[in-house]
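Engineer: Construct all of the structure, not just a fragment, from the sequences and the given hints.
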Amino acid sequence: MSDSPTPGTELHVPDDLSGITAQQYRAAMRHYPAGVTIVTLESDQGPVGFTATSFASLSAQPPLISFNIAETSSSIEAMLRAESLVVHFLGEHQKHLAQRFSRTAEERFTDRSLWTTLGSGEPVLHGTPIWVRATVHRLLPIGDHTLVIGLVTQVHDNTESSPAVGPLVYYNGAYHRAEIAD
1 MSDSPTPGTE LHVPDDLSGI TAQQYRAAMR HYPAGVTIVT LESDQGPVGF TATSFASLSA
61 QPPLISFNIA ETSSSIEAML RAESLVVHFL GEHQKHLAQR FSRTAEERFT DRSLWTTLGS
121 GEPVLHGTPI WVRATVHRLL PIGDHTLVIG LVTQVHDNTE SSPAVGPLVY YNGAYHRAEI
181 AD
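As numbered in the working numbering, residues 1 to 182 make up the sequence shown, in order.
In short, the hints are calculated from the structure, not lab data. Values in this document were obtained by computation on a predicted structure and should not be read as measured data. Misleading hints may appear alongside valid ones.
[Stated by the list, open to error] With beta-carbon atoms standing in for the labels, derived distance ranges: (1) Gln-24 with His-156: 37 to 45 Å; (2) Gln-24 with Leu-147: 19 to 27 Å; (3) Ser-113 with Gly-143: 36 to 44 Å; (4) Thr-104 with Ala-174: 19 to 27 Å; (5) Ser-113 with Pro-33: 27 to 35 Å; (6) Ala-27 with His-126: 30 to 38 Å; (7) Gly-35 with Leu-114: 14 to 22 Å.
C-beta: ideal position from N, C-alpha, C; glycine also.
Structural biologist: Written as structure tokens, this is what we have:
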């Protein structure tokens, strides 16, 4: 795992961003729908988890994924020390989990009936149609977030040939059910 930037790849931000404010940027990004994932990992203090709508598949060979975590997140320190993690792709029936993992860190794992632990130590949420386990490959500080790149080591897919439930989507500040066309 490497967390130092590659020479020559540092982000150069021009002095003039045409008056774009963080508030304007966030307002615009709210109108781009994103699938909802929950990232879980084990830490010295116990299980850690957070919602992430920035998930992306990066490569099939090798199988690489990515997501961002805010530098202000209560989970950032545990994420920076983690060697592995699980990304859960939430179904439309799991809005309650997305809301739970958006609350304070102390409340996320209080209901033991919602999760179990893999043999490798990471918490896994019950009823999640798809989840992947990954080792942390790279951590790249970018702006006010850290980009996490993971190497997928296990895939759990409980959807068979067609999804049993639609994905949970985040759009314009709220959770929605994605309409799946036949």
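Engineer: Would you say the C-beta atoms of Thr-104 and Ala-174 sit inside 19 to 27 Å of each other?
Structural biologist: Distance hint for Thr-104, Ala-174 holds at roughly 20 Å.
Engineer: Cβ-Cβ distance between Gln-24 and Leu-147: within 19 to 27 Å?
Structural biologist: At roughly 22 Å between Cβ atoms, Leu-147 and Gln-24 fall inside 19 to 27 Å, so the hint holds.
Engineer: Do the Cβ positions of Gln-24 and His-156 conform to the proposed distance bound of 37 to 45 Å?
Structural biologist: 39 Å, holds
Engineer: Does the hinted range 30 to 38 Å hold for Ala-27 and His-126 at CB?
Structural biologist: The hint (30 to 38 Å, Cβ to Cβ) holds, given that Ala-27 and His-126 are roughly 35 Å apart.
Engineer: Okay, Ser-113 versus Gly-143 on CB: inside 36 to 44 Å?
Structural biologist: Once the Cβ atoms are compared, 38 Å apart, the range 36 to 44 Å for Gly-143 and Ser-113 holds.
Engineer: Is it true that the C-beta distance of Ser-113 to Pro-33 lies inside 27 to 35 Å, as the hint says?
Structural biologist: Once the Cβ atoms are compared, 30 Å apart, the range 27 to 35 Å for Pro-33 and Ser-113 holds.
Engineer: For the range 14 to 22 Å, tell me whether the beta carbons of Gly-35 and Leu-114 fit it or not.
Structural biologist: 20 Å, holds
The structure fails none of the hints (numbered hints given earlier).
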